[in-house]
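Line by line, the protein sequences are chains U and Z.
Counting from 1, one number per residue, gives the positions in the first sequence under the UniProt record's numbering.
Counting from 1, one number per residue, gives the positions in the second sequence under the UniProt record's numbering.
Where hints are given, some of them may not hold.
No farther apart than 25 Å at their CA atoms in a straight line, the calculated lysine to aspartate or glutamate pairs in the DMTMM-like style are these [claimed, not checked]:
id : chain 1 : residue 1 : chain 2 : residue 2
1  : Z       : Lys180    : U       : Glu226
2  : Z       : Lys263    : Z       : Glu69
3  : U       : Lys329    : U       : Glu7
4  : U       : Lys176    : Z       : Asp238
5  : Z       : Lys180    : U       : Glu302
6  : U       : Lys329    : Z       : Asp160
7  : U       : Lys176    : Z       : Glu69
8  : U       : Lys115    : Z       : Asp266
9  : Z       : Lys73     : U       : Asp34
10 : Z       : Lys180    : U       : Glu342
11 : Z       : Lys12     : Z       : Asp266
12 : U       : Lys372    : U       : Glu405
13 : U       : Lys58     : U       : Asp34
14 : U       : Lys379    : U       : Glu149
15 : U       : Lys11     : U       : Glu141
16 : U       : Lys152    : Z       : Glu69
17 : U       : Lys11     : U       : Glu260
18 : Z       : Lys180    : U       : Glu149
19 : Z       : Lys12     : Z       : Glu138
20 : U       : Lys4      : U       : Glu149
21 : Z       : Lys86     : U       : Glu302
22 : U       : Lys152    : U       : Glu172
23 : Z       : Lys180    : U       : Glu51
24 : Z       : Lys180    : U       : Glu172
25 : U       : Lys115    : Z       : Glu192
26 : Z       : Lys180    : Z       : Glu161
27 : Z       : Lys9      : Z       : Asp238
28 : Z       : Lys73     : U       : Glu302
29 : Z       : Lys180    : U       : Glu42
30 : Z       : Lys180    : Z       : Asp238
31 : Z       : Lys180    : U       : Asp195
Simulated from the structure, these hints should not be mistaken for lab results.
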Amino acid sequence: MSVKLTEDMLKALPDSRGHFGAFGGRFVSETLMDSLMTLEREYLRLKEDPEFQATFDKDLADYVGRPSPLYFAERLTREAGGAQIWLKREDLNHTGAHKVNNTIGQALLASFLGKKRVIAETGAGQHGVATATVCARLGLECHVFMGSEDVKRQSLNVYRMKLLGATVHSVESGTKTLKDAMNDAMRDWVANVDDTFYIIGTVAGPHPYPLLVRDFQSVIGRELREQSVAQAGRLPDALVACVGGGSNAIGMFYPFLGDESVQLYGVEAGGLGIDSGQHAAPLCAGRPGVLHGNRTYLMEDENGQIAGTHSVSAGLDYPGVGPEHAWLKDIGRANYVSVTDEEALDGFRKLTRIEGIMPALESAHAVAYGLKLAATMDKDQVLVINVSGRGDKDIHTIAQLDGIEI
Amino acid sequence: MSRIEGVLKALKSQGRKALIPFVTAGDPHPDETVALMHALVAAGSDIIELGVPFSDPMADGPVIQLACERALKHGTSLRRVIAMVKEFRETDTETPVVLMGYLNPMEAMGYETFADAAADAGIDGILTVDLPPEEADEVAPLFAARNLDPIFLLAPTTTDERIRAISEHSSGYVYYVSIKGVTGSASIDVDEVARKVAHVHELTALPVGVGFGIRDAETAAAVGRVSDGVIVGSVLVDTIARHQTDPKALHQALTDLLNPMRKALDSLAQ
C-alpha cells in the first residue's frame, strides 16, 4: 500500500497530542507532563521566531560546517553496477556525525528557556559527544548517560566527552545499553525537572521530541533536494539511511515524503540475522507497544517485556524506533529492511577501500543495503546513501573483529 | 460503590487514614506473593498496591528496579500477577487491590483481555505510571465498564487545570507523588507536601493518597495528618530484598515496619 502525502497532510502530523496515526504520543509519568507541554509550547513559538531560526542556521553553517557535501561515488557505482550512488556526507560535520544538527537546535532551545543543566543519553557516543560539544560552547553543565556495555565498546567517545567537560554516567541497570541509558536519563530528568533540559538524541521519546528532532535534522533532506537537482540534474530515485531510533533517516526522508517518485529505504540492524532473534530491527520483526514515552514498533517478548537487542553497532542497538517511522511503515510510504552485522562490516570495508571514506558502523548498514539496491536499479537512476557518521570511533571494534590489538 | 471507595469511606467515617503498602509482585519469588499480601493485611494494611514488574521501570529508583529484575527472573508475567490476586481473593474478599505498573505489558496482553481478567480476579484499581489521562481514551471505557477504578498520579509539577482534569478521569483515589524524583530517591519536605495536598483537596472531592518518601512511622503520621492515606513502597521493597531467602523473617520484618506506621496513623484519629 502506498499513499500520496500532500503538504497539508504532512503539516498536520504529528497532531496536537503528538500522534503520527496510531503511533507517538506522550506516555510519561505525571511529573514530566508540565515540562513537556511547556517545551512543546515554547518550541512551536520559537519555530516561527526569525531570531531563533537565524541563530540555528548560522550555527549550522559556521560551527557545524554545513551544507554537508553530496558526493558522487564513481568507483562504488561501478562496483555495484547499477544506479548512480551518491553519498550525503554527514560524516564531515563537526564532531563527525549528523547528531550535532539536533544538539545545536536543542541546546539553543535550552538557552532560550533559561536552563543551565543539560542531560543526554547516548549509545555509540556520537550523540553524547555532540551534546558535550554544544554544552562546552554554550557554557552549560552536561551529564551524559551511557550503558556500561557501550562505555566499554566506545571508550574513545567516552574520553572525548570527558575532555569536553561532560560528566559521563555509566549505567549498570538492565541490558546496560542505550535503552537503559535512556531510562536513567528520564529518571534524572524527573528529579531535576526545574533546571534541566533533556536533549534526546533521536526521533523517539515523548511528544514533542520526535517533532523537534525531525525538524532539526530535516536540514539533511532540504540540502539534498537542492544538491541533487544541481549536481545530478534531478531528484533522487531512492534514499537509503540506517535506522536505530531513526533521526538521520527521518532528517533525510522528511523533505521528500510528498515526492512519490522518491523511494525511501530505512535499514535496521539485522545483527546475527532476523531469524536468530539477535538483532535490533523492530520495524522488520517487532510489534507495536509503548516505551520511552511513545507508541511505536518494539522488540518485546509475548508478555510485553522489552527484549535485549544485538548489533555490532552500538548506535543501532535499541529495541524501539521513532514513531514517525512506525507510521511511514504502516502507510507503506517507506520500506524498512535489515542487513546483518557481517553485511554491514562488508559495507564498511568496501566504502573504505573503494572510496577512501570510513563510515560509522551504523552508516555502514546503509552502505551495505545501498550497494545491493543499486545493483537492481538502472544506470541512469540516482540513489543517495546517508553517510550519517564517520568510522573513527569504531576502529577498535573492527580491529578486534580482525583479531588485531591496537 | 467500589471496594476501594467503600474502604476509604469507612476509614473516613472513623477519622482514620489508609495504610497502603506497595510491593512488586513476584519479588522475591512468585510463589511467595500471595502469602506476603496476607501478611501485609495482617500488619494493618487497608489497600494493597501490587506492582507489575516491567523490564524498563523508568519512574522507579534502583530499589524497585531490582525488585522488577528479581520478579522477571522468575517469569512473573502480568497474567501470573492477575492469577496471584485471584488466589488472594479466595480468602480475602475485603482488601482492595490496585495493580500498579507500566503500560506495555497491558498493551501486549490486549486491553480488553486484560480488563476482563483483572475484573474476574477481583482487582479493584489500575494505576498505570506512564499513562496520563490524555492517552487513556482506549482503556478508560474498558475499565469503567468493569468497575475497575482508574487511579492517576498527581505530581508537584501538576498545574491546577490538570489536577481538575485528572481528578475527573479518576475514581477510588488520586495518588499524589510527594517529590520530584523516582521512587525511593529523596526525603520529603513535609510542610511542602501538606501545603500542596491541602490545595489538591480544594480541587477534588476524591480521597488523596500520598506516596514517595514515606519510610517510617514519623513520616507516615506527618503525611497522614494532611492526606487520606499513605503509600509505602521502597522501604518495604528494600526490606524484601534484605530478607529474600527467609520468608519467615521477611514477614516479621514487614510486620515490624508496618505496625508502628499503623499505630502512628491511628493515633491521629484520637
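Check each numbered hint from earlier against the structure, then list the numbers of those it violates in ascending order. Violated hints: 1, 2, 5, 6, 8, 9, 10, 12, 13, 14, 15, 18, 19, 20, 23 and 27; rest satisfied.
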